[in-house]
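A.B. asks: Using the sequences and the accompanying hints, generate a full structural model.
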Amino acid sequence: MTPSRPDHSTLTDDELIRLIRGGETDAFEELVRRTSRPAYRLARRITRNHEDADDVVQESFVKAYQALDRFQLGKAIAPWVLTIVARTALSSVRQSKRRAASALDEPGPDGSAPLSERVADPAANPAALTRRLEVERAFETLSEEHRVILTLRVEGDLPYASIAEALGIPVGTVMSRLARAREALIEAMSQRKVVLDES
Amino acid sequence: MSPEIVSPHPSHEDLYAYRDGELTAERRRVVEAHVVGCRACRESIDEISALEAQLRMAPDAVDEEYYDSLAARTMARVRAA
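Protein sequence lines, in the order shown, are assigned to chains A and X. If you read the first sequence in the working numbering, its first letter stands for residue 1239, the second for the next number, and so on. If you read the second sequence in the working numbering, its first letter stands for residue 206, the second for the next number, and so on.
Errors might be hidden in some of the hints.
[What the hints assert, rightly or not] Residues from chain X that face chain A, not an exhaustive set, calculated with beta carbons under 7 Å: (1) P215; (2) E218; (3) A222; (4) Y223; (5) V241; (6) I250; (7) E257; (8) R261; (9) A266; (10) Y272; (11) A276; (12) T279; (13) M280; (14) V283.
By construction, these hints were calculated from the structure, which means they are not laboratory data. Cβ coordinates follow ideal geometry from the N, Cα and C atoms, glycine included.
C.D. replies: Quick look at the structure:
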């Protein structure tokens, strides 16, 4: 009879980390499950393709596992993991030759539906669908610098200090760059509205 | 109807940092005092909040099954490292 695996889902982050530090490597899988969705979403927006995002996430979790002794208990683990993901993703972008023109039209794993089709949720009303897709298209027109910092804030929900650490820039620069990115997004939306109104 | 009392607009940096909860207590008080009385600044905050909410609502680019396989493959890499 196969022994059942312990259920770590009810443990707090700190309890989980103590277990892992004590040598229970399997407990790390619970940590992966808790943070893999935001980690993948963050990596996907930065790398703009599935293969690199998939690799970035796995590599980030390996780094997190190896650095877990340095993590300060009592703090939320997700921002710490996502900061590692952000740095790994940015490094990947600098090295990768797989550069998608638009993340919206990249297929998912095994050729599954691209994000542009997934955004078209049939349960949503047409106006909401159009709006959502337009925001995504406007986002895609931003510079890489603006897309990255907005992604760290929006998908990662990272505080400015963590964004600063991920990007290797001062917090003051985070403030100014994020403000410019947001203004660029607003401008991109107004330009798309002009195009839609004229078509 | 009396017009809203408006002190000088804060910079966009301060306005968004206020929205993000990233200002010092003292600076937050100053910006908040302005925002409370300034419709234009409140609308700026609302506008970017709505746009970012749309980005957050974007569906995952992968199916649910992907996350199960991701956990298994990640643990294989962790154990091998």
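A.B. asks: Evaluate each hint against the coordinates.
C.D. replies: Each hint tested on the structure:
Checking P215(X) against chain A: minimum C-beta separation of about 11 Å lies over 7 Å; hint violated. Using the Cβ-Cβ criterion of 7 Å, the hint placing E218(X) at the interface with chain A is satisfied: the shortest such distance is roughly 4 Å. Given the 7 Å rule on beta carbons, the hint for A222(X) holds: about 5 Å separates it from the nearest Cβ of chain A. Nearest Cβ of chain A to the Cβ of Y223(X): about 11 Å, over the 7 Å cut. The hint is violated.
For V241(X), the interface hint is violated, since its Cβ never comes within 7 Å of a Cβ in chain A; the closest pair sits about 21 Å apart. This hint is violated: I250(X) has a C-beta 10 Å from the nearest C-beta of chain A, more than the 7 Å allowed. Residue-level restraint check for E257(X) holds (minimum Cβ-Cβ distance to chain A is 5 Å; threshold 7 Å). Below 7 Å, beta-carbon pairs count as interface contacts, and R261(X) has one with chain A at about 6 Å; its hint therefore holds.
The interface hint given for A266(X) is met, as the beta carbon of that residue sits about 5 Å from the closest beta carbon of chain A, less than 7 Å. The interface hint given for Y272(X) holds, since its Cβ lies 5 Å from the closest Cβ of chain A, which is under the 7 Å cut-off. Of the supplied interface hints, the one on A276(X) holds, with its beta-carbon coming within about 5 Å of a beta-carbon of chain A, less than 7 Å. Because the beta carbon of T279(X) sits about 5 Å from the nearest beta carbon in chain A, less than 7 Å, this interface hint is met.
Interface hint at M280(X): satisfied, since its Cβ lies 5 Å from the closest Cβ of chain A, which is below the 7 Å cut-off. Because the closest C-beta pair between V283(X) and chain A is about 5 Å apart, less than 7 Å, the hint holds.
Against the hints set out earlier in the document, violations occur for numbers 1, 4, 5, 6.
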